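Colleague: What follows is each chain in one-letter form.
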Amino acid sequence: SQELEQSPQSLIVQEGKNLTINCTSSKTLYGLYWYKQKYGEGLIFLMMLQKGGEEKSHEKITAKLDEKKQQSSLHITASQPSHAGIYLCGADIRGDYKLSFGAGTTVTVRA
Amino acid sequence: EPEVTQTPSHQVTQMGQEVILRCVPISNHLYFYWYRQILGQKVEFLVSFYNNEISEKSEIFDDQFSVERPDGSNFTLKIRSTKLEDSAMYFCASSELGPFSGANVLTFGAGSRLTVL
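So the sequence lines, in the order shown, correspond to chains A and B. Per my numbering, the first sequence starts with residue 33, numbered consecutively. Per my numbering, the second sequence starts with residue 21, numbered consecutively.
Just so you know, these hints were derived from the structure itself, not from any lab. Since we're looking at a predicted model, the values are computed, not measured. Heads up, some of the hints might be wrong.
Unchecked claim - Cut-off 27 Å, straight-line C-alpha distance, at most; resulting in silico cross-link-like pairs (BS3-like, lysine-lysine):
(1) B:K103 x A:K59
(2) A:K100 x B:K62
(3) A:K88 x B:K98
(4) A:K83 x A:K101
(5) A:K83 x A:K59
(6) B:K103 x B:K77
(7) A:K100 x A:K70
(8) B:K103 x A:K88
(9) A:K96 x A:K49
(10) A:K101 x B:K98
(11) B:K62 x A:K96
(12) B:K98 x A:K59
(13) B:K77 x A:K101
(14) B:K77 x B:K98
(15) A:K70 x A:K49
(16) A:K49 x A:K59
(17) A:K68 x B:K77
(18) A:K49 x A:K92
(19) A:K88 x A:K49
(20) A:K101 x A:K88
(21) A:K83 x A:K68
(22) A:K83 x A:K100
(23) A:K96 x A:K59
(24) A:K68 x B:K62
(25) A:K68 x A:K96
(26) A:K70 x B:K98
(27) B:K103 x B:K62
(28) A:K83 x B:K103
Said to hold, decoys possible - Far from chain B, by Cβ distances over 10 Å, these chain A residues were calculated:
(29) G48
(30) T56
(31) T109
(32) S132
Claimed, not checked - Quick look at which bits of chain B chain A covers, simulated, 3 or more residues with Cβ under 8 Å:
(33) 63-77
(34) 127-136
Quick reminder that beta carbons are idealized off the backbone N, C-alpha and C, glycines included.
Working from the sequences, and respecting the hints, build out all of it.
Modeller: See the structure below:
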């Protein structure tokens, strides 16, 4: 079965500081999804990575997928209170969108 | 921005009762999914649905579960006889493209919290 490890489990950062979340798969990925979960809002799509070495950015969030397509990182630059939440990575092994999710990383941003 | 709508947001039911969770996917999407998240655990795939039939289901999706697209807009998840362990947040998702179509986005709803007493 697919194993997806996410780290750290939680982190607290000072507003304005950078942070990085990692997601490691035991299998080669067809696609890797990053979502943000907020209570009452479901899973909010952030980015989807498919190609080895791919990097995408949106506002202050950057996600990368390594060349082997087994590890991804999510980096937030100059964090703000709006970045607080639970970040989930979801792995698509076969391209059928049957996603396996990591346990999530809870991000707290302190003013 | 188009969104996936789920109702109810929270339902409390007695063990053994039937529950129907409803979802309105994004209008031009043809592929539908249900996921669930038990409190404190990972989000888990339940079932995918296309062209009025189940495409794939997980081992969680046993005979107590069923899905239906009763009309052109709704997508429902029915739990026939609820158990305590069915208590979870249930997420509906939809996508425009189907499997093996390349880059695609699954858009999730806000979830329906089910509490079984």
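Colleague: So if I understand the rule, the pair passes when the alpha-carbon distance is 27 Å or less; does K103 of chain B with K59 of chain A pass?
Modeller: violated, 34 Å
Colleague: Does K83 of chain A pair with K101 of chain A here, judged by a C-alpha cut-off of 27 Å?
Modeller: Roughly 7 Å separates the two Cα atoms, so the pair holds.
Colleague: Mind verifying the non-interface call on G48 of chain A? Its CB should be farther than 10 Å from each CB in chain B.
Modeller: About 29 Å separates G48 of chain A from the closest Cβ of chain B, which puts it past 10 Å; holds.
Colleague: Please verify whether K77 of chain B and K101 of chain A have alpha carbons no more than 27 Å apart.
Modeller: holds, 26 Å
Colleague: Are the Cα atoms of K70 of chain A and K49 of chain A separated by 27 Å or less?
Modeller: OK: K70 of chain A and K49 of chain A at ~21 Å, within 27 Å.
Colleague: Hinted pair, alpha-carbon criterion (27 Å max): K68 of chain A, K96 of chain A. Please report holds or violated.
Modeller: Roughly 16 Å between the alpha carbons, so the hint for K68 of chain A and K96 of chain A holds.
Colleague: Between the region 63-77 of chain B and chain A, are there enough contacts, at least three residues with CB-CB distance under 8 Å, for the coverage claim to hold?
Modeller: As far as the region 63-77 of chain B goes, the hint holds, because 6 residues have Cβ atoms under 8 Å from chain A.
Colleague: Assess, step by step, whether the Cα of K83 of chain A is no farther than 27 Å from the Cα of K59 of chain A, and give holds or violated.
Modeller: Holds, because 15 Å separates the two Cα atoms, which is no more than 27 Å.
Colleague: Given the hinted pair K100 of chain A and K62 of chain B, is their alpha-carbon gap at most 27 Å?
Modeller: Distance of about 25 Å is within 27 Å: holds.
Colleague: Does K62 of chain B lie within 27 Å of K103 of chain B when you go C-alpha to C-alpha?
Modeller: Judged against 27 Å, a Cα distance of about 19 Å means the pair holds.
Colleague: Against chain B, does T56 of chain A keep a CB gap of more than 10 Å to every residue?
Modeller: Per Cβ check, T56 of chain A is outside 10 Å of chain B; nearest 15 Å; holds.
Colleague: With the threshold set at 27 Å, check whether the alpha-carbon distance from K96 of chain A to K49 of chain A stays at or below it.
Modeller: The given pair, whose Cα atoms are some 19 Å apart, holds under the 27 Å limit.
Checked against the numbered hints above, the structure breaks hints 1, 3, 7, 8, 10, 12, 16, 28, 32 and satisfies the rest.
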